[in-house]
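J.: Each chain, written out:
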Amino acid sequence: MSQKPLIELREVSKIYRRDRFEVRALNRVNLQIARGEFAVVLGPSGCGKSTLLNLIGGLDTPTAGSVIVDGEDISRYNEAQLSAYRRHKIGFVFQFFNLVPTLTARENIELAAELVANPRPVDELLHAVGLYERVNHFPGELSGGEQQRVAIARALVTRPPILLCDEPTGELDSATGKRILTLLRTLNRHEGQTIVLVTHNSAIAEIADHVIRLRDGQVESEVYPPQPAEVESLEW
Amino acid sequence: MVGGVLWRKIRREMWQMRWLYGAIATMVMLGVMLFAVASSLYRDMYLSYTASYARYRLEDFGIQVRSAPRTVVARIRQLPGVAGVEGRLVETVAIEVGSRNPHRLMGRLIGIETRHPLQVNQLRLMEGRFLRGGRDRAILLESKFASYHRLRPHDTLTVLWRGERVRFTIAGLVRSPEYIYVVQSKQQVLPSEDVFGVMFAPLEVVGEITGQSEQINEVRVAVQPGFNRELVARAVEHLLRAYGAEKPVMREDQPSYYLLESATRILRTYSVLFPMLFLSVSILTLYTLQMRMVLQQRQIIGLLHALGYTRLQVLWHYLSMALVPGLMGGLMGVGAGVGLSGWLSRGYMGFLALPVERVEPPITPAIVGLLLALGATFAGGILPAWQASCIPPAQALRPPAPLMGRTLMLDRWIPFLHRARLLYRLPVRNLTRAPRRTVVGIFGTAIGVMLAMLARGIIDSRETVIAQYLNQALSEDLRVGFTHFQDSGVVEQVRNWRGVLRVEGTLELPVRLRRGTQEYDALLKGVEPDSPNLQLHNEQGEPVALTANGFLCGQVVQQKLGLEVGDSVALSLPAEFSDEDTREHPVRVTGLVWETIGTMVYMPRSRVRQLFRRELLLPPDAINSLRVWVAPEYRQEVIQRLERLPEVGAVAVRDDLVARMEALNAIARRFLAFMMAFGLVLAFSVIVSIVTVSVLERRNEVATLLTIGFSRQQAHGLIMAENILFLTLGTLLGLLFGRGMVALFIAIVASPEQMELIAFRAHIYPHTYLMAGLGGWLIGLLAQLPALRILARIDLVASLKERAL
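These protein sequences, in sequence, are chains D and A.
Numbering follows the numbering used here, with no gaps: position 168 of the first sequence is 168.
Numbering follows the numbering used here, with no gaps: position 693 of the second sequence is 693.
Heads up, some of the hints might be wrong.
[To be verified] Which residues of chain A face chain D? A few of them, derived with a C-beta cut under 7 Å, are:
1) VAL5
2) LYS9
3) GLU13
4) ARG66
5) GLN299
6) ILE300
7) LEU303
8) ALA306
9) LEU307
10) GLY308
11) THR310
12) PRO393
13) ALA394
Calculated from the structure, these hints are not laboratory results.
It should be emphasised that the depicted structure is a prediction, and the values quoted were computed from it without experimental measurement.
Virtual Cβ for every residue (Gly too), placed ideally from N, Cα, C.
Sequences are here, hints too, so could you generate the full structure?
T.: Shown next, in the form of structure tokens:
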């Protein structure tokens, strides 16, 4: 990796404490993700994937080490700086979609759009994710795949350089999951969107530019496949 | 601060829970409305009577004298600090009202100066004309008395003075700042225009009738601003000492002023206490609701943080959800309060017949009410909103760690619980699983029960006081007051009449009791010690015997002078009662009695006569009042015969007094019934919201139970059992709270400073406990039904994905 990485983790540890118990979710992790990369973080349940994503996304702060994004050490940010960071730099896509049930598809996207000065046009995004016809439907009236597409549109509306996806296909059947992955891959290839996707589904790793395997809070291996597979070829 | 989309979210979520938010808005509305109405009524009343006092120059003090020449007034006027002075001749007379069947009442005939406009205690003429002066046999009649007896200008009215009948023409109807509450003395708690009237006649005429020409027996003085009232009063008293001057009675002790102040203070208490209750309940309910909202929306909160919303924006979003019902309820409350307050103020002013009536638009109460509404909802919403803003986003996005389960002490303490099936143990254990929910549930139920009990408890306490007064202090059918002392021959005379069952004569004198430097004015009742009708009890309800060597005193006198049994006090008469110099008589307290209404001291009648016979020139076995028990069918006949007796002032009929008290009580009862209805609505809202929230929070748990094979009945039974447990605990606590709240309310309203004449104590009937307790409990049970119906239609898959709370 010759160019300066967009995301860099240096000796990052995260320890959760509750009463007398201590859980070391991440242990001295070092990692670099380049701009425009489609990175997939793989690992079994409880290996620290979501913690890693939360630290990159500024939802949590490390117990030790630094998280450097676009040259800035976000682990030193205060609450207000983290809010601004998430607003401008990060788009989140969650396993359970996390749509606000009392807002329509359009309104869920507008919820994020209202936060920035120059958001992407909501209609354009809805067209891009193929949901223009369902724009005024509430989440309860949408299928899982449709809900996730709304969530992706919402994540993209603020033009974030980084898209963080936490098990985005975990709640979907394989056909719908593939459609979501195709959408993400397209965004990555055509718009240069940096994507970090965590999953326990190793099949998804085949489409990645960069595969990071985590085990027990540590990076077990990193692979840069020379020829990532197409989404259509995936089987799970 | 919060974008349009989040406002839409607020609107829709509130609409989904419109019944709960509606209930909160209603509570806020009621609180604000009560505040606006009561505080504007208080303010209008305060403005009106202070304006009445200022405009019609209420005295700063008054001094009674045995008898003084009219010319002394000019000398008083010369004293430094005296802004105005009036010399008057005041006598207690009997009045005959009605032409066909004349009815005899007590009256106060006040001779006033007519040669110049009154300088103090000026009169406002409502109808007719002022007095012409000189020998004009006309009177000005106090307007409430006139209105009650349907007397108009040009009507005639007969005054009886020592057996002499004097006919007066009514020149006009007036209102006086001195008689806003028309009472004979401070000891009289209720206005009594039906049996007591005040009239003003030229000083010369009153002097001529009473044989006191060019004499006065009291002065009323207004003090110049900047002068010390006490010093001026002392100077006037010094000047009048030669004429048998009494101690000055300052404005604060003037009966009407005193009672009006008491009534206003009670109103001020009402204007704070009741709204605060309603607003406190709305705070609690809102807190419960918002807390639940925040717990349920953890993921959304996490999402908002993840999207880049700041903590302040998240806080404002959830706070806004609380402020909206506050604003809505506040605006509705202000609207209703503004609409009602003018109407109520005018009605109350009309009832009091104040010389000056001021009814102002309730702008300040409206603004303060609205701020209170927002303040209350802010208080209810800020903690949940703060919690929402503080949830770390990563934590908000993942399922919360399960609540720490623990074995209850109860499990170990109660053997059968330990051996019981898990299904029965679970509800008990669940109470401690989410302590906050349990505490909120228990306290919410307790507050609901307490509210239902409060107004009813006050009604019970009022009714108890009145019943005690009527049954103990006023057990006779007729009470006859004489304008002058009689010998006991009249008792024998009446005893022999047809229909008279029993007669007792009493000797009642206003006296001053002094212990060291402490003084207190009370009514001394000389009674027959062996009377079977003398029901004197101590605070514990035990009978107290009247002994010949001392006196019994009521609790107000006891408290005022710090008396105990065995203490000695000096007893003296007011100067105007005696033609000689008054003397102090040392007497000993032989017992303490609990008086319901009034500040009395009791002595055997013979002992009273013995003490004051020289000063008052009392006839043998003197009396000035009769207590008569009569067979119902002879009542009218006996009344007529009594009224024909010489020097009878008035014949008070117990049934009329009961009816009048009932009428007065009905106003209070209506108000309290209104409050009780509000209380019940509140109780219902509180319990429904808390139980609904509690049931709905358990969707995930019910779904889990159903998934593992519980029947719906079993799952619902589990939830119901838990609710019944907290409802029961809450109900028991509510009964204790209710008892305490009634006692607190009465302690505030009936504290010695606020109303020293009525021994108003918390007394709650058993059926009130039963009604409030059972009512609250049943409401709680019923309140589960809508939420349980929702659970019955539960979407298992969706609910299993919800976070367990």
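J.: Against each hint, give a clear statement of whether it holds in the structure.
T.: Hint by hint, here is what the structure shows:
Interface restraint check for VAL5 of chain A: the shortest CB-CB distance to chain D comes to about 5 Å, inside 7 Å, so the restraint holds. With 7 Å as the threshold, the beta carbon of LYS9 of chain A comes within range of chain D, its nearest partner Cβ sitting at about 5 Å, so the hint holds. Annotation: interface hint on GLU13 of chain A holds; nearest CB of chain D at approximately 5 Å, less than 7 Å. Hint status for ARG66 of chain A relative to chain D: violated, with the closest Cβ pair at about 84 Å, above 7 Å.
Because the beta carbon of GLN299 of chain A sits about 5 Å from the nearest beta carbon in chain D, less than 7 Å, this interface hint is met. The interface hint given for ILE300 of chain A holds, since its Cβ lies 6 Å from the closest Cβ of chain D, which is under the 7 Å cut-off. Taking 7 Å as the C-beta contact cut-off toward chain D, the hint placing LEU303 of chain A at the interface holds, the least distance being around 5 Å. The beta carbon of ALA306 of chain A is positioned within 7 Å of a beta carbon in chain D (closest approach about 5 Å), and the interface hint is therefore held.
The interface hint given for LEU307 of chain A holds, since its Cβ lies 5 Å from the closest Cβ of chain D, which is under the 7 Å cut-off. Interface hint at GLY308 of chain A: satisfied, since its Cβ lies 2 Å from the closest Cβ of chain D, which is below the 7 Å cut-off. With a least beta-carbon distance of about 4 Å to chain D, the hint placing THR310 of chain A at the interface is held under the 7 Å criterion. Proximity of PRO393 of chain A to chain D holds as hinted, the smallest CB-CB distance being about 4 Å (cut-off 7 Å).
Annotation: interface hint on ALA394 of chain A holds; nearest CB of chain D at approximately 4 Å, less than 7 Å.
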